[in-house]
Amino acid sequence: MKRKAAAALLMAVSLAGCVPTNIIDDILMVEAEGYDYLGNGRVYGTVTMPNYVAGGAQGAGGGGVPTTAAMMWLAEGATYDGKSLVDKFQSKGQRPLRVGKLRVMLFDKEYAKHGLKKQIEFRNRDPDTARDLYLAVVDGSANKLLSGKYQTAIPISRYVSDMIDQNQNQNYPTNDAHDVFFSYYGNYMDPFMPMIKKRGKHLEMQGLALFKKDKYALSIPERDAFVFKMLYEPFNQGVYDYEFMPRKHVALRNVNARVQYRVRNGNGAEPDIKAKVSIEGQVRQAAPGTIGEVPIEEIEDGMEKELEQKAAEMVGKFQKKSIDPLRLGDRVRSFTRRFDGDTWQDRYPNAHFHCSVQIDINQTGISR
Amino acid sequence: MSQKISEANKISPIGAFFLPHSMELGVGALSIHRIVSQYSGHDAWIPVLLFGLSTVGLMWMAFRLLEKERANGGSDIFSINQRFFGRWLGGAMNVIPLIYLALFGFVLLRSYIQILQIWIFPQLPTWGYVIIYCLMVWYIVIGGIRTVTGISLLSFFFMLPVFFTFLTSVRGAHYANILPMFDHGPVEILKGFKACTHSYLGCPMVFFFYPFLKRPERAEKWSYFSLLLMTYTYVTMMILGLLYFSQGEIKTLVWPTMSYWKTFVPILDSVDVFFVIYWLWILLPSTCFAAWALSRGMKRVFYLKQKHALVFVLIGFICASEWVRDAREINWLTKVFAELGFYTFFVYIPFLFVYQWIFYKVRRKNA
Amino acid sequence: MFGKKSWKKKRLQEVSGDLNPKTVADLYAQLKDYPDFTHFEYKGSRFHCWISFFRSLVDVDYVHRDILSYLSEQSVHSLSDIQNRLPIEKLIRTKDVSEIQSKLLRNYVIIQEKEHDPDCLIVPMIPIVRRQVVQPEIETSIIGPKEGFVEALDVNLSLVRQRIPIPQCSVEEVTVGKISNTRVSLIYIEGIANEENVNTVRQRIRDLEVSSLIDVTMLADLISDNCHSPFPQFIDTERPDRAAGAVYEGKIAVLVDGSPSALILPSTIVEFFSAFDDYFLAWHIGSGYRLIRLFFVVLSSVAPSLYVAVLTYHYQLIPKELLGSLILSRSIVPFDPIMEALILEVMIELLREAGARLPTKVGQTIGIVGGIVIGTASVQAGLTSNVLLIIVAMSALGSFITPNYRMATTIRFLRFPFLISAGVLGLPGLALCITFFICHLLKLTSLGRPYIEPIYPLRVTDLKDAFIRLPYSAQITRPMFLRPGDATRSNPRRIRMKRGPRQPDIDE
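Chains as they are written, first to last, in this note's numbering: chain A, 147 to 514; chain B, 410 to 776; chain C, -12 to 495.
Hints should not be assumed to be uniformly reliable.
As the list claims (entries may be wrong) - DSSO-like mimics (lysine-lysine), calculated; alpha carbons at most 30 Å apart, straight line:
1. A:229 - B:660
2. C:307 - A:234
3. A:238 - C:307
4. A:358 - B:660
5. C:307 - A:290
6. B:671 - A:263
7. A:264 - A:343
8. A:466 - A:456
9. A:238 - A:255
10. C:307 - A:229
11. C:82 - C:165
12. B:660 - A:359
13. C:307 - A:347
14. A:234 - B:671
15. C:307 - A:295
No wet-lab data here; the hints were simulated from the structure.
Only chain A is shown next, with the shape it has when bound in the complex:
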């Protein structure tokens, strides 16, 4: 019996053994996808795959620093909206393309305006892709961004994802595919994405692109990202630049920012939403004649006023466009029993939003 079982085992193993392999040096891992909208439901897709090639002499064992940028593989072509680019370009690959290590998806503004529904639902269905990949909107052409020349030698996919990652620790709100899915599928909220732009030989963040469900609706500039983040989530880095007097800037370095919401009358026609932000910070960069000469409370007060005003303006804009990237609707829901979700869309623009900011500058560096 045992012998028979062993024979069956061997047979099953050898027969089950015909699963295709994905040996890492025999596949091309797509790391970035870019989409440009051509109109009429057609898109121009670009994918990049870093092609790792050993630096130095052949057979040196690949020692030393990998010169990863030695060759970059890039495929582009037009296709219909919602087509998997990996499938599309499979015919162009000298090795099979795999999507498992995708880390950035870039969409140009036109495509974002057209709507990302197909892309988002496709990504949510695909078990291969990670949920921590970055989705971003490109100001300009995604193809040019991905195929352009840069000062740095690292692969473009890594360049973009590292830049977004780094910035999300600072002034930009955290936002990866998971957050986009969360807001896209969730009720009473809308997704947003960071916006990037290629300028000359480098990249830069261009603020946030805000969506009405899957369609691009509005953007907020880089300098307002701090205000957005402060209302969106607690964080402990980032810098807010405050013009205390004309041409006299004080930069508040955030150490700890918290936001708390209060909602009243959530099912009423005009719900009351109160956000209470408290920021603990320190000052390093200050124009002469500010810190040490003016009472610190005055600076704090000025900053608080400015932030409150900006926050109110920003939410007002959102309400006008009837988009909700700050997930205010969801916050109202969490405060309201038997929340009336059906009429929320109509009530949202009428909601009263009030923000109070409490800034505490607890130190101002090592000089007086």
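Since chain A is already given, all that's left is putting chains B and C on it; use the hints.
Frame of chain A, contents of chains B and C only:
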């Protein structure tokens, strides 16, 4: 009716802790979020908790039933059926637990392979994997209930990190998601409650392993602990899932737990692959136990040798998994099984309990 | 089929044909041509007798000094006189040919009055000195006792017995082997060792049907519960202190004549990974080393197969930061990861085998040649990737830290099924393979006791000396899996009484 079980083949009372626990934790844990919250929304943790507590009540009933039966020799569901309903009707009734067990083992196995095929190897031939797997189950089950208990104990140890991860990982949690609490009416909660059955199907397995317990009085306490731990695990799992996903999103995901694990460890990428494989250890004790209990049941009902019955069972698993081909059929089977489980829990077992009560009353009067 | 069987039967009968001598004369006739057999007539002034012994077994100096000098005394007239005069204990007077034969082939001297006289006096003599007691060579320890077992059974017995000076320490001797008649000794403490265990061991050893028994490992294989398992079920040790320690715990030590190690039964798997050194260090440090050892043993058996599985099938699992260097190191290798890993693993095994077979001095050279030349060269030649080289080398190191040599070979063997299953089905295959071995361990028993004991069945008290070693004061009970006759090592109440009440407060 049944031979005496020798002391050397029995399991210690603490086995009653590991067995129900590993039986309950199954593939249901992967989709519990979606299935329950489609009825109960962000309050989905309440039915999960309620169901968990109700399993304790079921266990209590089961122990009362079996305890009384113990005085009359072998005490499992088969002998209960035969005593209460006579030889022929009882024998016919005994097919129900056999079907329950067969579905329990098979649905789990097939769904696991489906997940494996979706997540890792779409080209993995079902029968190849099932044959290897069933050989392993055979190897374990011929070692008897003690080995099966050993597997579930090891499974418990392997799952310890999972229990703790549910405690620690709240990265990206939106606490507002489960507010306001108790926002759903009793009807919605009850619908969710019924949907929970799917995840708690391993609970009545005590009806099969009870005669193998040493000192069952002491085991009773352990089995309650086990159910409570499982309830705790499910509730924390549920809450974390609710915190992590938005309500709309949770409904689009087939296995929210797997998606939850995707970004679970910050350093490693795609840990979900790892967890799929880890889940093998959840599956193993359940299928082993199902195969064991099924073969033993066949021995009791059809008077086969358990060794031969086991081979039948495993061949049955292999053939059936080839026969059930796509996700739709699996879902249908799962639904049927959950339905069967629900009525087993809340109709069959309470009915037996009441019937026994009357049965003994009448008998005492006659005597 | 039938014919073959009967032929085999006939052969067996022929071999076991009656070769045993019937009389002393037959015996001498058989032996007298052997050059190391001494058989002569002693012609003293008054008394003549025949003396026979093997020069290769008995120290001739002592024969001269202790026997011949007495024979020439005046008062010796007969065999009985010799028996009375010789200052040697346990003289045997017998006519039993088989006993005479067995003694003659040991360190005994036979004295007779006439050459073919069945009446013999058997005089025990000092055997030829074998190897001296030296330091243990495999299970070395930095501190702690430095004695190791040698080949002579009596010396080994004395090494153990000296450590257990109580009358309850009982030694039983069983003779095993139809031809070899090897002496096998069981050592255990009555009242502590479980009677059932002792009976099982005795039974299994007595029931053995073998022609010869060369070493204790052979015995271990013969009396093991499952001889098909790659896992050794009994610990063999060459340290008398370890053997004595085990006997104190309630285990049974088995010594075989001619084998420089003792067998300890029953054993559990974690004991194979505890070096005796752990007991000589502070308990946290000892525990730390033990955990490191266990961790690396697991890692060493799994690491190469993980590499193969991940690189072949699960590229998603590789962290972004590692991707570049992994791909680079693989880029010039023409083989699949599985072939690459198999080549390296076999190479390492080859080196190990070469190192073991060659004399020590050459062995070191082989280590250097293997490590540096082959390793570096194969990477440069593009046969293997350097990342894999690191992993394989590390896992080789990991397998060598297993204190028990037989277990270490098992651990090394395990890597191959793991590798192949990882190569065939990736991580699911590896998981299945590991699961299979775990199931096997679960079913394995050592002397009928569960092999992975403190884990299953779960015994919390035994966990005190399994993965970690708690201080001796916490280890009040003997291992429960042995079901010892006397479960407690020390009486906690008495300890508390002797220590007196604890200090009530600081500085008081």
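- Message: For a quick check of understanding: which of the numbered hints are violated here, in increasing order?
- Response: Per hint list: zero violations.
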